[in-house]
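Produce the entire structure from the sequences given, and follow the hints as far as they go.
Residue numbers (numbering that gives the first Met the number 0), protein chains in the order written: chain A, 0 to 302; chain B, 0 to 465.
All the given hints hold, so there is nothing to weed out.
Computed list of lysine-lysine pairs in BS3-like fashion (alpha-carbon distance at most 27 Å, straight line):
1. B:Lys283 x B:Lys267
2. A:Lys284 x B:Lys197
3. A:Lys58 x A:Lys127
4. B:Lys377 x A:Lys258
5. B:Lys312 x A:Lys224
6. A:Lys203 x A:Lys127
7. A:Lys284 x B:Lys283
8. B:Lys312 x A:Lys258
9. A:Lys241 x A:Lys78
10. A:Lys180 x A:Lys127
11. A:Lys78 x A:Lys224
12. B:Lys267 x B:Lys344
13. A:Lys78 x A:Lys61
14. A:Lys203 x A:Lys219
15. B:Lys290 x A:Lys284
16. B:Lys377 x B:Lys312
17. A:Lys177 x A:Lys203
18. A:Lys224 x A:Lys203
19. B:Lys290 x B:Lys347
20. A:Lys219 x A:Lys197
21. A:Lys284 x B:Lys201
22. B:Lys312 x A:Lys241
23. A:Lys197 x A:Lys58
24. A:Lys241 x B:Lys377
25. A:Lys224 x A:Lys258
26. B:Lys283 x B:Lys344
27. B:Lys347 x B:Lys283
28. A:Lys224 x B:Lys377
29. B:Lys47 x B:Lys31
30. B:Lys267 x B:Lys278
31. A:Lys58 x A:Lys180
32. A:Lys177 x A:Lys136
33. A:Lys219 x B:Lys377
34. A:Lys78 x B:Lys377
35. A:Lys127 x A:Lys258
36. B:Lys344 x B:Lys278
If you anchor each label on the Cβ, the simulated ranges turn out as follows:
37. B:Leu300 x A:Lys203: 47 to 57 Å
38. B:Trp376 x A:Asp66: 25 to 35 Å
39. A:Pro65 x B:Thr298: 47 to 57 Å
40. A:Asp71 x B:Arg381: 26 to 36 Å
These aren't lab readings, by the way, just hints derived from the structure by calculation.
Note that beta-carbon positions come from the ideal geometry of N, C-alpha and C, so glycine has one too.
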Amino acid sequence: MKRRDFLKGCLMCSAAAAVGTSGKAQAAGSFEGYPDAMGVLVDLTRCVGCRSCEAACNKEQKLPEPDVPFDDTSVFEDKRRPTERALTVVNRYETGGSEPVYRKIQCNHCNEPACLTSCFVNAYTKTKEGAVIYNPKICVGCRNCMIACPFNVPGYSYSSAFNPVVKKCIFCYDTRLKNGKPPACVESCPQEVMTFGKRADLVKLGHERIRETPSRYYDKIYGEKEVGGTGWLYLSSVPFDKVGFDTTLQNEPIISNVKDFLSMVPMVLAIWPALFSGIHLLSTKNKDGHDDHDDSHNGTGGH
Amino acid sequence: MKRYLKEKGNSVEVVDALHRNSDGRKWTIMEKLLLGLTPREYLQQALKNPVNWIFAVIFAIGVPIMIGRFIFGLSWVTHSSCDYPWGLFLGFGLFAMVPLSSSGFQLGTACEVFGRHDLEPIERLALLNGLLGYFFAVCFLLFDLGQPWRLPYPMVVAFGPAAVLFLVAWHVATYLSVQIAEVATGFFEWMGWPAGKKAIRKITLGLTVSGIILSTLHQGALGALFTYAPGKVHPLWYSASFQWLHFFVSSIPGGLCMVIVVSTIAAKTMAWRFDDRFKTNLDKLTISLAKGATMGLATYLTIKLIGVAHDNKWEYIATGWGAWYATEILLGVIAPMAIFAFAIKNNKVGLVRFGAWLTVIGVVLNRVNTAMITFNWKLPEREIPHWREAVIAITLYSVYIVVYRFILYRLPIFYKWKTVEVPVEATEGIREHARSLSEEMIPESVCAKEDIAVSARQLSGAESAH
Numbered sequence: 000m001k002r003r004d005f006l007k008g009c010l011m012c013s014a015a016a017a018v019g020t021s022g023k024a025q026a027a028g029s030f031e032g033y034p035d036a037m038g039v040l041v042d043l044t045r046c047v048g049c050r051s052c053e054a055a056c057n058k059e060q061k062l063p064e065p066d067v068p069f070d071d072t073s074v075f076e077d078k079r080r081p082t083e084r085a086l087t088v089v090n091r092y093e094t095g096g097s098e099p100v101y102r103k104i105q106c107n108h109c110n111e112p113a114c115l116t117s118c119f120v121n122a123y124t125k126t127k128e129g130a131v132i133y134n135p136k137i138c139v140g141c142r143n144c145m146i147a148c149p150f151n152v153p154g155y156s157y158s159s160a161f162n163p164v165v166k167k168c169i170f171c172y173d174t175r176l177k178n179g180k181p182p183a184c185v186e187s188c189p190q191e192v193m194t195f196g197k198r199a200d201l202v203k204l205g206h207e208r209i210r211e212t213p214s215r216y217y218d219k220i221y222g223e224k225e226v227g228g229t230g231w232l233y234l235s236s237v238p239f240d241k242v243g244f245d246t247t248l249q250n251e252p253i254i255s256n257v258k259d260f261l262s263m264v265p266m267v268l269a270i271w272p273a274l275f276s277g278i279h280l281l282s283t284k285n286k287d288g289h290d291d292h293d294d295s296h297n298g299t300g301g302h
Numbered sequence: 000m001k002r003y004l005k006e007k008g009n010s011v012e013v014v015d016a017l018h019r020n021s022d023g024r025k026w027t028i029m030e031k032l033l034l035g036l037t038p039r040e041y042l043q044q045a046l047k048n049p050v051n052w053i054f055a056v057i058f059a060i061g062v063p064i065m066i067g068r069f070i071f072g073l074s075w076v077t078h079s080s081c082d083y084p085w086g087l088f089l090g091f092g093l094f095a096m097v098p099l100s101s102s103g104f105q106l107g108t109a110c111e112v113f114g115r116h117d118l119e120p121i122e123r124l125a126l127l128n129g130l131l132g133y134f135f136a137v138c139f140l141l142f143d144l145g146q147p148w149r150l151p152y153p154m155v156v157a158f159g160p161a162a163v164l165f166l167v168a169w170h171v172a173t174y175l176s177v178q179i180a181e182v183a184t185g186f187f188e189w190m191g192w193p194a195g196k197k198a199i200r201k202i203t204l205g206l207t208v209s210g211i212i213l214s215t216l217h218q219g220a221l222g223a224l225f226t227y228a229p230g231k232v233h234p235l236w237y238s239a240s241f242q243w244l245h246f247f248v249s250s251i252p253g254g255l256c257m258v259i260v261v262s263t264i265a266a267k268t269m270a271w272r273f274d275d276r277f278k279t280n281l282d283k284l285t286i287s288l289a290k291g292a293t294m295g296l297a298t299y300l301t302i303k304l305i306g307v308a309h310d311n312k313w314e315y316i317a318t319g320w321g322a323w324y325a326t327e328i329l330l331g332v333i334a335p336m337a338i339f340a341f342a343i344k345n346n347k348v349g350l351v352r353f354g355a356w357l358t359v360i361g362v363v364l365n366r367v368n369t370a371m372i373t374f375n376w377k378l379p380e381r382e383i384p385h386w387r388e389a390v391i392a393i394t395l396y397s398v399y400i401v402v403y404r405f406i407l408y409r410l411p412i413f414y415k416w417k418t419v420e421v422p423v424e425a426t427e428g429i430r431e432h433a434r435s436l437s438e439e440m441i442p443e444s445v446c447a448k449e450d451i452a453v454s455a456r457q458l459s460g461a462e463s464a465h
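Right, here's the structure in full:
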């Protein structure tokens with residue numbers, strides 16, 4: 000039995016009442032992604048910070064006009080993060096070399112997404128094509144996915160009073176990925192920074208590139224193992240923590256951190272009733288059950 | 000209220016039974032609501048109380064802002080951002096209120112399961128404290144949720160059973176109903192519906208045991224929520240293996256001390272509502288609760304240290320965060336423990352009450368630290384709550400206090416409801432029917448006991464008339 004199925008089973012029992020099978024939930028904690036899942040290999044050594052990927056994403060996802068036009072490089076003065084208005088952003092890092100390093104940020108489409116496993120209405124789905132997509136129709140707006148995402152990706156439309164939703168990169172799932180096409184950012188990149196393909200092939204390709212020109216690359220593919228592996232993978236010339244990546248992330252999927260607690264749940268459900276009923280019997284043994292109650296509020300007479 | 004009753008001496012009759020002491024007729028609902036005063040008198044005493052004026056000012060400012068939140072959206076009232084999704088409403092409102100409301104299941108367990116009937120005078124206060132705390136935690140949640148009208152979704156529309164939050168949602172919802180049932184007995188007495196009360200008494204043990212289960216799990220689950228965010232919460236406040244245990248165990252002294260705090264405030268502001276039983280037992284009960292809280296604190300301190308040792312996080316103690324951590328532990332755990340130890344030994348109730356305040360502050364500090372202050376500790380900038388967010392939090396907290404006071408003034412929480420059960424002779428028809436039933440059934444059915452509640456004095460008056 001796969002681990003997540005086990006955990007799910009435990010919780011199913013604990014929820015006791017009317018819990019139907021969701022059918023949508025994904026595989027186990029050690030899930031390494033669907034075999035044919037697609038991914039993107041981002042080679043930071045090739046990026047020149049032209050921001051055409053940001054522009055393409057904006058157009059493809061019909062996002063609002065940005066405050067600063069896409070050909071303005073003044074945005075690099077601050078470190079930005081994806082928001083509900085920009086599902087991907089590029090940041091510049093001065094790493095001491097002759098050239099700055101640019102890093103594109105978007106949803107990494109984890110194999111075992113923390114957003115998905117933390118969502119109590121199952122608003123997230125990991126598709127077999129590798130995308131992590133979101134259903135705005137059932138989202139309650141608790142924003143637990145934003146707490147859980149180790150990459151700080153989901154953005155929230157706080158300004159909407161009546162239909163605020165989570166906005167994040169969905170791998171252009173509806174318009175492109177479903178039809179086997181690469182996402183808009185990949186297609187728009189003039190430098191071929193991004194390579195679209197099967198995740199399994201991309202891991203091989205990444206290692207190939209590192210092996211061929213070891214002087215050019217730091218010897219690691221970011222996203223190969225982090226939090227159980229991500230669909231988007233990164234190559235860099237400098238250590239990843241120098242360009243804003245969190246290198247302290249665990250290799251285990253985030254859901255593994257919760258397993259201690261989840262496995263305790265059925266124990267409590269099974270043991271507590273017997274334990275406490277037993278204590279009740281023992282502690283009231285010679286007193287004829289409830290009848291010895293001072294029964295303050297039912298008593299005969301009063302003060 | 001207190002002042003009013005004092006001034007008038009004994010000329011005002013306070014509602015504590017179905018029937019009036021003076022003429023024996025039943026109180027009307029209106030009279031019960033107005034505590035036996037006329038509307039004019041009631042208004043007078045309400046206007047005289049300066050606390051009410053403070054509340055009036057708070058509501059005048061706060062309520063329009065509360066309404067504005069639902070018209071203009073979250074960004075109008077909070078600084079919650081993509082990096083800090085949870086602000087005051089959850090960090091302070093929900094995460095702090097829930098542990099302070101664990102008193103319901105604890106006193107329920109002590110009285111109903113462990114048979115500690117000496118604690119019964121304060122059991123109802125603990126149950127009410129639990130119910131209101133949970134209810135207002137949910138209110139805070141409603142302000143925080145992006146789409147609060149979808150709150151029932153995890154129960155009816157879409158299920159995410161692998162999520163800890165799913166557990167929290169289900170358990171809070173079911174536990175809230177359990178607590179409503181537990182508190183309802185007092186309400187039934189007050190309304191004069193003995194049938195409802197009897198029905199609840201039959202299932203008390205079941206309710207209490209489900210209360211323990213649901214509390215254990217979801218107090219723990221609130222902690223487990225943060226295990227989704229390793230690296231975001233500062234390591235000193237984070238422990239993958241013990242987070243749920245930390246939250247669960249600290250809720251035990253938190254809940255017990257909250258009952259001490261509430262009873263302390265009540266003793267200062269509404270002692271007129273206490274009956275002798277509560278008044279004479281209060282000091283003894285306070286000490287008993289403090290004993291429980293001390294054990295809870297000792298356990299909590301132990302597992303907190305085990306948490307640090309287990310992941311070998313000692314190096315963090317020497318940092319600025321470590322100093323803050325030490326402050327939390329010293330102020331909220333070690334100091335109250337020492338105070339309790341001294342005060343219990345020397346029977347100093349005032350000191351116990353001070354220790355209880357410290358414990359409550361310590362538990363709140365821990366939750367706010369975990370959810371807000373140390374959250375995203377690696378990010379350069381901290382989120383400072385918006386002033387409107389603070390206003391809503393204060394307003395909601397004031398509503399909580401007003402509702403709490405409203406119920407304490409009326410329902411039999413601090414006093415015994417004066418009732419008697421008068422067996423009524425069954426008619427011949429009923430006897431006939433009863434004979435046809437089995438032997439075991441006879442005692443119940445022959446004496447068709449009708450619960451007629453009359454005040455003790457009324458009854459004795461009637462008897463002497465006979």
